[in-house]
Amino acid sequence: MVTLADYLVLSAVVFALGLYAVVTRRNGVAILMGIELMLNAANINLVAFNKYAAPGAVQGQIFALIVITLAACEAAVGLALVLAAYRSLETIHVDEINVMRW
Amino acid sequence: MTGEAIAFYGLAAVILVSGLVVVGSPNIVHSAVALVPAFLGITGIYILLGAEFVAGIQVLIYAGAITVLVLFVIMLTEGGTGLRQQQRNEQGPIGASVAVAIAVLLIAGVTHTTWGRGAGTLPAYTPGAIGRSFLGTNLLAFEGTSIVLLVSLIGAIIIARKEE
Chain H
1 MVTLADYLVL
11 SAVVFALGLY
21 AVVTRRNGVA
31 ILMGIELMLN
41 AANINLVAFN
51 KYAAPGAVQG
61 QIFALIVITL
71 AACEAAVGLA
81 LVLAAYRSLE
91 TIHVDEINVM
101 RW
Chain A
1 MTGEAIAFYG
11 LAAVILVSGL
21 VVVGSPNIVH
31 SAVALVPAFL
41 GITGIYILLG
51 AEFVAGIQVL
61 IYAGAITVLV
71 LFVIMLTEGG
81 TGLRQQQRNE
91 QGPIGASVAV
101 AIAVLLIAGV
111 THTTWGRGAG
121 TLPAYTPGAI
131 GRSFLGTNLL
141 AFEGTSIVLL
151 VSLIGAIIIA
161 RKEE
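Chains H and A, in that order, give the protein sequences.
Take the first sequence: its letters are residues 1 to 102, numbered as in the numbering used here.
Take the second sequence: its letters are residues 1 to 164, numbered as in the numbering used here.
Bear in mind the hints are in silico, worked out from the structure with no lab data behind them.
Where hints are given, some of them may not hold.
[What the hints assert, rightly or not] When the alpha-carbon atoms are kept at most 20 Å apart in a straight line, the in silico SDA-like pairs for lysine to any residue are as follows:
#, chain 1, residue 1, chain 2, residue 2
1, A, K162, H, A85
2, H, K51, H, A84
3, H, K51, A, S25
4, H, K51, A, K162
5, A, K162, A, I61
6, H, K51, A, A12
7, H, K51, A, I6
8, H, K51, A, L76
9, H, K51, A, F134
10, H, K51, H, V9
11, H, K51, H, Y86
12, A, K162, A, E52
13, H, K51, H, V67
14, A, K162, H, Y86
15, H, K51, A, G128
16, H, K51, A, M75
17, H, K51, A, I154
18, A, K162, A, V33
19, H, K51, A, Y125
20, A, K162, H, A54
21, H, K51, A, S152
22, H, K51, A, E78
23, H, K51, A, A63
24, H, K51, H, F63
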């Protein structure tokens with residue numbers, strides 16, 4: 001029998017993995033991949049709560065769909081920013097992108 | 001052990017192993033490709049939870065579009081992704097301890113809480129219910145999301161465009 005707590009524990013571990021990637025990676029693209037993992041962890045929570053806490057409604061799945069859409073927006077803008085930074089600074093390592101004016 | 005439990009633990013193992021490759025691999029292309037099994041495992045979790053429509057969207061947008069987008073950007077920014085490049089900063093131990101602390105905190109909170117069960121059952125066919133909800137109760141959120149999507153895509157094109 002899989003309970004709600006099992007899904008929440010899985011989601012917590014995936015969130016921690018994403019957080020570790022965001023904190024320790026130097027590459028801007030790898031940081032965005034960590035953010036995608038964290039958003040996926042949140043989506044697991046939303047869908048799991050939908051099934052176990054409010055099965056009569058689909059609001060949790062609606063939330064998850066909106067989060068997926070906004071994650072696509074975030075990926076598009078974030079990767080465009082990485083490309084723009086690479087074009088002008090010739091690096092995508094976030095610890096080397098430290099100029100305030102160009 | 002029921003079939004549901006076997007499926008859950010199998011999918012969780014797939015997600016965690018590929019997640020470890022995503023955060024730990026020194027080769028950024030391996031990280032990006034390992035995103036695909038992680039997202040597909042999460043798709044399986046959605047199917048276990050009775051969310052078929054969210055599972056389909058997850059495959060289309062995450063496993064399909066976002067992974068390809070990430071791979072394209074890695075290809076276009078070769079200078080930052082070569083194998084010679086140091087991929088991690090010097091915050092490894094601090095980052096690991098923060099991540100482990102947050103995971104332990106969340107897991108302790110989750111397992112020590114008594115979660116109530118809601119009444120009712122999931123609709124047998126969730127895409128219909130989701131569509132009616134998006135064009136009824138959640139119409140404002142739906143339209144707002146569309147505007148955000150449009151604005152962010154135009155913004156992405158303008159940011160990524162070459163300057164004259």
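Can you give the numbers of the hints that this structure goes against, from lowest to highest?
-> Result: hints 2, 3, 4, 5, 8, 11, 12, 16, 17, 18, 20, 21, 22, 23 break, sorted rising.
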